[in-house]
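J.: Heads up: the protein sequence lines correspond to chains A and B, in order. Once you know that position 272 of the first sequence is 272 in this note's numbering, the rest is easy, because the numbers rise by one and skip nothing. Heads up, this note's numbering is the position in the second sequence plus 1000, with the first residue counted as 1.
Hints listed in this document are in silico derivations from the structure and should not be mistaken for laboratory results. Every residue gets a Cβ at the ideal spot worked out from N, C-alpha and C, and that includes glycine. No incorrect hints appear here.
Below, a list of computed lysine-lysine pairs in the BS3-like style, where the Cα atoms sit at most 30 Å apart: (1) A:Lys115 to B:Lys1236; (2) A:Lys219 to B:Lys1447; (3) B:Lys1203 to A:Lys69; (4) B:Lys1246 to B:Lys1301; (5) B:Lys1097 to B:Lys1127.
Derived list of chain A stretches under chain B, where covered just means 3 residues or more per stretch with a C-beta under 8 Å from a C-beta of chain B: (6) 121-131; (7) 144-157; (8) 179-192; (9) 198-208; (10) 263-274.
If you want the building blocks of each chain, they are given just below.
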Amino acid sequence: MELIPHNINVDFVGKRLFFVLMSAGINLLSIILLLTWGFNYGVDFAGGTVVEARFQQPTTPEAIDQAVKTLALEDLSIQDLGRDNTTYLLRFKQGEQNVDIANTAVRTALATAFKETVEILRVEAVGAKVSGRLRQQGFLAVTFATLFMGLYITFRFEWRFGVGAVIALLHDVLVVTGVLILTQTPFDLTVLAAMLTVVGFSVHDTIIVSDRVRENLRKIRRTNLSEVINRSINETLSRTIITSGTALMVLIALYVIGGHVIRPFALTMIVGFITGTYSSIYIAAPVVLYFEQSLTSQRKVA
Amino acid sequence: MAKGILYRALLVLVLTVGALIYLVPTIVGTLPEWWTTLLLPSRKISLGLDLRGGAHLLLSIDMDAAIEKALDQNTDELSRVLREEKVAGATVVRVEKTLRVRTVNPEAKLGAEKVLSDQFSHLTTEKAPTPAEGEIARILSDKELIRIHDYAVDQSLETIRNRVDQFGVAEAVVQRQGGQDILVQVPGIQDNKQLEELKKLIKTLAVLEFRLVAEGEKSGETIILQGQEREPLSGKMQRIPYTLEKKVLMTGDLVQDARLRPSSDLEGPYVELVLNDRGARQFEKITGDNVGRRLAIILDKTVYSAPNIRERIGGGRASITGNFDIAEARSLAIVLRAGALPAPVTIVEERTVGPSLGQDSIRQGMLSFILGGSFVIVFMLIYYKMAGLLADAAVVLNMFLLMAALAAFGATLTLPGIAGMVLTIGMAVDANVLIAERMREELRLGKSVRAVVESGYERALPAILDSNITTFLSGLILFQFGSGPVKGFAVALCLGIITTVFTAVFCTRLVYDYLLARRSLTTLSV
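Can you build the whole structure from these sequences, using the hints too?
T.: And the structure:
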């Protein structure tokens, strides 16, 4: 059985200008979104409290608001999680010292208003000091991951491939960022973990193609690089589609039935795996090619 | 060749048996006695708080308060020693973080300086403000500040651990995190009320003091502290001020034990204190000297009760009555038994998961694990036939080894951890896909079966190794920077990569080599 015919020969490299421009456009959009809307930071990174409550009888946000009104919570938002009026997420700001005081008051207020019909499923309260620390660590983690990946590939392949892989992974991180902002997915620790996995996968996928380019360069010296790259992409295409396909299937399973706690995590990975696959083909290879061509033209000038 | 196969098969067998042994504690609820006497592993995969439900609290110690306290103690201590050493005309005052000794003549200044250098070497002039004429200025040395810091952290850790242990929940974790934070993880919190009890238990400073209630002129310096009393009719708590002598007669460090006493017809539950020998003697003297006066029992600046001393009390027993219910009295007994915190602590992070959400997460996580896994297995079988079957066997062995590795490391399985395992299944087949695609390519070149297998594996290997190493790197970075559930994900991801390379490359190759050696492999089905 073959999903991708083995003698497939698509001209990926020839259309690179179109895809590079499209990707650049999407990335630019992501950057604009990041600077204007910004991430919908979860409490891990922004500080604050979320209280998740389940009600036996369907209730309205207004009724919940009424129940906690006397507490005058700062920046209170009430979100219907399951879209069936039974599971709600309350989010608000709390004081820095003893972050538990506010949510204790909320629990008590809800218990008073709804008696036994309300169940508190989950509470997360993070003070500003802790969230600041987590933000810093998260930033460092992504930076280090990107750096190490670039170094590793430079060490194993050539610097051109390293630069190509890093640009491809920055592209992927930006695409994921854009989707997270557009969908207003709360950016928290698990989403960051997913993002780092995307970084790993993006490079993983780029390496498979680069490895084939490396091998083919040794085999066929005379042909020009763009042909070698195009051939390598075509040769690995079947593997690329199948691996990404199986990974996407399990991720979609996770997204659909894994429950709402894991959903942002799964979404991040789904988007990341799609763009990671795309960027290995349309971004990493053209970057390698670009450096090759600019180097040869320099040599000609000299 | 055949020998090599034997050794490799033995390695796989040993690892599989080893994995089975490591998995036994996780699968079997209680281990038989001979298991532990044979020194077989007893660690098991434990569920994280996000799956079993529970409270995760990060506490920050108020270091400023600890330093304040140390400065106050040093001021009192220095005054006392100067008095004892008969250094006349020297008074100690504390101005912010500086201890200033004001002297009336050069002789007194010399005497005070001698006392300071002999007995208070932890006070220094370095970085201290310039003293006025006839004055000595000292501040706490950096070394002393570090000592105070360490003492506050160690003592808080010890005290909170004692208190949490007595809360009566198995497998609670109390550990230091970073410089001055303490992490408390308590699984299986059932409801709001239990959670509140726990938080109160942890946060109570539990400084116990005994002071006399002031009586007119003779009492000297006084302070006013609030007391609590329940109004008999409405049952509301009322605050009533007490005027007390400033002098503290006795503190809680002399308490040896504190017990909860159930309520009787006459009064509600109360806490009985058992004092140590020194405390017993001191308490006897205090009560003997002050018959007829009122002795206030103060916990954390709140007056609990102020009974009349009717007679000298020997035997070292005192009781704290107040208007509390049985749960409050129980908490009070625990904090008094465990001792006071050296400095106040505040909760800077709280994460609690109720038992039902944890159950939901386990169910949903497992369901997606099974569904996603089945899909991959069926797909591989259909698409790559025999090579797919081998890959599937490798995936099953992979999951088995991964579980065993998690158990061997005593790792905690979190919801992101389950997601990490699901992802591992999805990615594990990548190595087999790479190899199978290679084999197909080589087959098309018309090579022999043996050559196809050999070059298929060899050519795919660099790509497999390089790509897995980078994912492993990102897992390591996640582990370094992540916390809690994220760490669980990183552990699953990293261990998963190791077991993947082993099962998907090493084990499947072994099967091919075995079949080739027996010459039973004449056609390849990929």
